[in-house]
Structures are given as structure tokens and as C-alpha cells.
Amino acid sequence: MTAVTASAAAASAGRRKYGSMSQDRQWALRWSYFFLTLFAIFFLLPPIYMLITSLKTSAEISAATNPWWVYRPTLDNYKELLTSNSYLTYFRNSAIVSVVVVTLTMLISVPAAFALARMKFWGSATLATGVFLTYLIPETLLFLPLFKMFAVFNEWTGIELINRWWVLLILYPTLTVPFCTWIMIGYFASIPKELDEAALIDGATWTQTLTKIFIPVALPGLIAATIFAFTVSWAQFLYPLAFTTSADQLVLPVGIITSLIKGDVFNWGQIMTGALLGAAPPLIIYAFLMDYYIAGLTAGATKG
Amino acid sequence: MVDAAISAPRQAARTQSRSSLRRTMQRKSTIAFFMALPLILLIAILVLYPALYSLHLATLNKSMERFVGLSNFTFLFKRQTFWLVVQQSCIFALTAVFFKALIGFIVAHFVHNIPSKGQRKWRGMLLVPWVIPPAMSCLAWLWLFDPSYSAFNWIFAHFGIGPIPWTGDAYWARFSVILVNIWIGAPFFMIMYLAALKSVPDQLYEAAAIDGASWWQRIWYVTLPMMRNIIAITALFSLIVTFANFDIVRILTAGGPIDMTHVFATWSFRVGIEGGDIPLGASVSLFMVPILTIAAIFILRDITKRGSEV
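Those protein sequences? They're chains V and F, same order as listed. No gaps in the numbering here: position 173 of the first sequence is 173 in this note's numbering, and each next residue is one more. No gaps in the numbering here: position 205 of the second sequence is 509 in this note's numbering, and each next residue is one more.
The hints are simulated quantities; they were obtained by calculation from the structure and are not laboratory data. In this text, all values refer to a predicted model and were calculated from it rather than measured experimentally. Incorrect hints may have been included.
[Said to hold, decoys possible] Lysine-lysine pairs mimicking DSS-like chemistry, simulated, CA-CA at most 27 Å apart:
#	chain 1	residue 1	chain 2	residue 2
1	V	K212	F	K332
2	V	K120	V	K212
3	F	K366	F	K382
4	F	K502	F	K425
5	V	K193	V	K120
6	F	K366	F	K421
7	V	K120	F	K382
8	F	K421	V	K193
9	V	K212	V	K193
[What the hints assert, rightly or not] Per the computed footprint, the stretches of chain F lying under chain V, defined by three or more beta-carbons under 8 Å from a beta-carbon of chain V, are:
#	region
10	350-358
11	494-501
[Stated by the list, open to error] A short, non-exhaustive set of chain F residues, derived as facing chain V with CB atoms under 8 Å:
#	residue
12	I335
13	V415
14	I577
Beta carbons are placed, not taken as given, at the ideal position from N, Cα and C, and that holds for glycine.
Please put together the full structure from these sequences, using the hints given.
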């Protein structure tokens, strides 16, 4: 805006006087693009290198040629992985775990957030703060006591939880539910009170108020929370590494690391292909729903 | 007569108690409590209980049969590896958070500088490291750092810089894990700062420009004070996450060369799961608590402050 007025003024009133200001802006813009390009290269280098390597044969990878160029591109790595049973098992496990965890998370956190944002009860304010604090407790603090708890649980009931993929369905909600509840509280609290008061006067029950008014109005927040829950469960690495070990129980991140690395032999072409395919679902979601993704990211600290 | 007289009030009392039960069930606070119950149970059983349980675990011996008091801790204090882990965790977290904040701030400024038409595209590209699951991108970095086929060393060789032992040498390995952490985390800071920059009213900059403020003065006296809260919250969040980080160190170095890159999380995994000494591992991870608590207190203070301002 200022640049436009400055240049217009420069055109009418005399170039020498105001020209330097718009020229300064021109240079600032050029430098911005220059540095942004540098940073973009730094930030995009690893994924691009994943793609480059995934298109190479093992022979080309170990040849002393330019590693940044593919001389004979091939899709063999992709074909091999997508027909290998173990990789498809990891992918299926990851997909099931993520989808179920997202569903569970939403079923737990949306009603809870509604209750905490709108229907005060004894201790609800403390609970809201508590939810936020739980979000700050990292999983690296909890995995050992949980491991021992599940072992004790097995002694008591005979139900084996360790080394079963579905144990992750119990573990992942501890990571997703607090944050999703927290951002949903923020979204629900921003809805004007008149809206639900009108509904209550018209005789709507609390459940109806939630499903017919709050969920539709706060849909952007709901989508952001869903995306968050999905990406967290898809990317989680510590819990599956600690709690699952058999090849058929693994999820993607752990599966790639344990099965594609055989001894000290790294089959880099396949590892990169597997990692790229494993990174694809979050990337695709991000590409299509970028605004919701970013809204979810910034909501954690800016709402509430 | 008397019987009837007695039973009538009793019946009345019964219907009254039933309806009062129903009324309690229909009361707002009761419904609210039941809506929040799954959340309360989840937090109590799977977060709070394990957190307290780890305090108990830390006082047991390796087979978890005998109470040994604080001897796990005194054992740790005598081990040199433990002090290495403390040192490396602090270096790792503080350096990484500082550079993430710095790079995020710089990049956010550049993105904010360019015409808003192109901002979406750049922002989209620059956030990619944050979107890729860390385990996957760390594999890419591991391959870039490969001792014999490192693609970085191939480039550096053209400038006559000898092969860099990215993960082989202890100090380079420390540098590498921090570099990867910055790569993953800086985009998050960028997004947060960009949102904050957009919320600074243009009039402030115009007023500063009229007063003849230089570029540096505008950042120091306008931008930074307006963004102070966001900067603090983001940095504290990141401090918690970075301090408790597991994936990056585990995949890139697994704590190696000679335990020089272990942080609390990876070392407690090594001791607790791989070494089978759960109590000792729990004691190691408990050392994260003080720093996490301090950061959490500051975050909470900032957030309640914001809440009362709005």
C-alpha cells in the first residue's frame, strides 16, 4: 500500500526525491526472496533427497556418481515394497491404529470440551487447566511406568497387552485427547452464548445443542483437531518401539527401521521409498487442508 | 387409618426421592460431569497414575521386588554417563530451541515482507519439515549423514573440505542431532511468529516510521514487545518437547559415539527397555520433571495472563 502511494507520488512529484524509498523496498523484496529460497532449499532438501534415492537401483546408490542426480530412474523400489507383505502389514496396522485413535479421540474430547466450555460443574475450571497440563507431560516420562503397569495387568487378568498392535489404541489417546480437548474448548468458548441460550429456550437438550449447534459451528476447529490427532498417531515412534516387537504387530515408523535394516546392511533405496510412502498420508492431508492444519497448530497457544 | 396415614407420606417421600434423583440426573452439572467422565478416566488412569507410579518404581531394585529408597539415584550420581546425559540434554535443548526461535523469527519476517499473494505458497513449502513424521525424515538425514555415501560430503568435497564424520565423531554427532532438531522445529516457530506478526497493527509501524525509527528500532521497539507473549509461549512449548525428545537421537545416533549424544529419553529407553532395568530407567526419566515443571508454570502463567487480558 505504501509502496503504491510512494511510487505514484514519485511519478507525479519528481523521481529523485521519493524514488529511493521505493527502490529500498525493491531491494528488501529481492533480499527476502533470495533468503527465502535459501531456507526453502534447506527445508526441502531431505524430502527431495528421499525421492531421488527412492528412484535409484542399489547398484547406482553404491556407485561413486553424483548422488544428487538419477541416471537411470526406476520404480523397482516402489514395486517391491508395495508387493511385500511385511510393508503392507505395517501400513495397514498404521492406518487402522490412526483411524481408530482419531475416532476415539473425537468421541472423548468433543463432549468433554463442550462440558468444560459451557456447562460448568464442580471442579471444571481445575479440570480444564489439568487437561492443558497433561498435554505438557511428554510420553518419554510415561512409557516405563505404563510398560510395567501392563505387565502387572497381565499377571492379574491374563490379558497380554504388550506386543499387540491394539495396545497402541489405548496409548495414543493419552497424546491426542488432551490437546484436542484443549483446542476444542477454545473453539467452543468463542461461540456466542446467545446461540446456545436460544436453543435451550426452544427446548433443545444439551446433547442436541452440542450436535446441532456447536459441532456445525465449530467444524473448522473439529477438522483441525482431527488432523492433529491423525498426524500424531501416524508419526508416534516411542510407544510402538517400546510396546511392540513382532514383525506382524509393528506400525510403519518402527517397521521400516527394524525390518529394512538387516544387520548392518542398509538397503537405502527401499528405506527411502518406505519412508517417503510413510510420510505421504500426512503430506497429502496437509496439501489439501493446509489452512486447517495451520489453524490447529497455532490454536494451542493462541486460544484459551 | 393410621397405616394409611403413615404409608401415604412414605409413598410421597419415595416419589419425591425418585424425582429428585431424576432431577439430579438432569441437572446441568451432572450431565456435564458424565460428558467429561471418559476424559477424566483417561487422564487419571493413563497419565496421572503412571506419572505417580514412576515415582514409586524409581525406589525399587532391578527385579522390582525390594524397596531400595534413593539408591537408584545415588547410583546414577556416581556414573559418569549420567552426567554426560545431563550435560548433553541441556546443550541439546537450549541450543536447539534458541536456533529454532532465531531461524523461525528470521524466516517469518521474510515471509511477512513479500506480497501477501505469494505468502501462502512459501508458507506451505516451509512447513513441510514439520509435517513429515520425524521418524521418516530422520531416516533421510541418516542417509544424508552416511559415513561412506554422504551426499553432503560429496558436495563439500568439491570445495576441498574433507569428509565430515557427521555421526561418527562425538562432537559432530552432537552438532548433527541439533541440526536435525532445528530443521524439524524451526517451521513451527515460523508459523507461530507469522501469525503473531500479522496481528501487529500497521498503524504502529506507520507511527514508528513517521518518528524516523530505523529498521532495527522498529523490530526492537514495536515488533518484539507486541510478540513477546507468543515468543515466550512458543519457546517454552518447544523447550518441553525438545527436552523430552526421543525420535531424533534414537534414529540418528542411538546415543552413540561413546554415549555422547544420549538425552534423558533415549538413555532411559536404553536402560529401562533394552537393559531391562525399569526402575533405573524411570529414575533417569524423572530428571526431566524439574525442567518440565518450570516451563509448565511459566506457560500457565502466560496463558492465564492472556485469558484475563482478552
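Each hint tested on the structure:
Annotation: proposed proximity of K212 (chain V) to K332 (chain F) holds, straight-line Cα distance about 18 Å (limit 27 Å). A distance of roughly 20 Å separates the Cα atoms of K120 (chain V) and K212 (chain V); the hinted pair therefore holds under the 27 Å criterion. Proximity of K366 (chain F) to K382 (chain F) is assessed by CA-CA distance (about 17 Å); at most 27 Å being required, the pair is judged to hold. For the suggested pair K502 (chain F) and K425 (chain F), the alpha carbons sit about 16 Å apart, so the restraint of at most 27 Å is met.
The hinted pair formed by K193 (chain V) and K120 (chain V) meets the criterion: a straight-line CA distance of about 13 Å does not exceed 27 Å. Of the pairs offered as hints, the one joining K366 (chain F) and K421 (chain F) is violated, with about 61 Å between alpha carbons and a cut-off of 27 Å exceeded. Proximity of K120 (chain V) to K382 (chain F) is assessed by CA-CA distance (about 51 Å); at most 27 Å being required, the pair is judged violated. Between the alpha carbons of K421 (chain F) and K193 (chain V) the distance comes to roughly 36 Å, so the proposed pair goes past 27 Å and is violated.
At most 27 Å may separate the alpha-carbon atoms for a hinted pair to count; K212 (chain V) and K193 (chain V) meet this at roughly 15 Å. Look at the region 350-358 of chain F against chain V: 8 of its residues bring a Cβ nearer than 8 Å to a Cβ of that chain, three or more, so the hint holds. Residues of the region 494-501 of chain F lying with their CB closer than 8 Å to a CB of chain V number 3, which satisfies the three-residue condition for coverage. For I335 (chain F), the interface hint holds, the least distance from its beta-carbon to any beta-carbon of chain V being 5 Å, beneath 8 Å.
Interface restraint check for V415 (chain F): the shortest CB-CB distance to chain V comes to about 7 Å, inside 8 Å, so the restraint holds. Because the closest C-beta pair between I577 (chain F) and chain V is about 5 Å apart, less than 8 Å, the hint holds.
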